[in-house]
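K.L.:
The lines below spell out each chain.
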Amino acid sequence: GIQVEQSPPDLILQEGANSTLRCNFSDSVNNLQWFHQNPWGQLINLFYIPSGTKQNGRLSATTVATERYSLLYISSSQTTDSGVYFCAASGAGSYQLTFGKGTKLSVIP
Amino acid sequence: NAGVTQTPKFQVLKTGQSMTLQCAQDMNHEYMSWYRQDPGMGLRLIHYSVGAGITDQGEVPNGYNVSRSTTEDFPLRLLSAAPSQTSVYFCASSPYLAGIDTGELFFGEGSRLTVL
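Chains A and B are the protein sequences, given in the same order. Under our numbering, the first residue of the first sequence carries the number -5, and numbering increases by one thereafter. Under our numbering, the first residue of the second sequence carries the number 132, and numbering increases by one thereafter.
The following block holds chain A by itself, in its conformation from the complex:
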């Protein structure tokens, strides 16, 4: 099945800083999503982005399917951005979404 790798595994930011999280995947995808797991354990959809670029407030994401990676940008980070960010992908013809191991983000005031 498809392999999903995320980097960096851990990231500490000062409030107000910008960051870029990366997701590499091993095969062509028909589904790629970014999620945020908050410190209470809730998993929240950020982006459904098998290709192209999307923006939602301070967050944006870009997937370059031909080069098999996706990037999540967080600008002007806030303490509420802390948590774990997961990338998940499924390959063509598959209904099994595979998750990466996540990037743990800590934003300090």
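Please note that a few of the clues may not be correct.
[Stated by the list, open to error] Capping the alpha-carbon separation at 30 angstroms, the derived lysine-lysine pairs in DSSO-like fashion look like this: (1) K98/A <-> K140/B; (2) K95/A <-> K140/B; (3) K48/A <-> K95/A.
These are calculated hints, taken from the structure and not from any lab test.
Chain B: place on chain A using the hints.
P.N.:
Okay, now just chain B, sitting in the frame of chain A:
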């Protein structure tokens, strides 16, 4: 709209006991799935379903059973609990674009299971 609802939120079992984790969604989604989350492992797919009467295995199906008799419900059964099944379990659903992909996935709040 309640979205995806999981019960119970917390459960403690003894080795060998059986139990069912309930999952219900009110979004008329065709696709439903169960994941387990363990420290350092991310989320791993246990079972999934693309519609009523259709289920399939994911990455870690051993020790778990599922059925899908209605569009709304997708229960996960542990037949004989083992300490290795101590985990946080998440149910998820999506609109399922038939022949294309699963669509955008929406998660329940999770169920924390401890097996002693």
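K.L.:
Sort out whether K140/B lies within 30 angstroms of K95/A, counting only the CA atoms.
P.N.:
holds (23 angstroms)
K.L.:
For the pair supplied as a hint, K48/A and K95/A, confirm whether the alpha-carbon distance does not exceed 30 angstroms.
P.N.:
The hint holds at about 23 angstroms.
K.L.:
Does the alpha-carbon distance linking K98/A and K140/B stay inside the 30 angstroms limit?
P.N.:
Holds, at about 24 angstroms.
Going down the numbered hints, you'll see the structure goes against none, and every one checks out.
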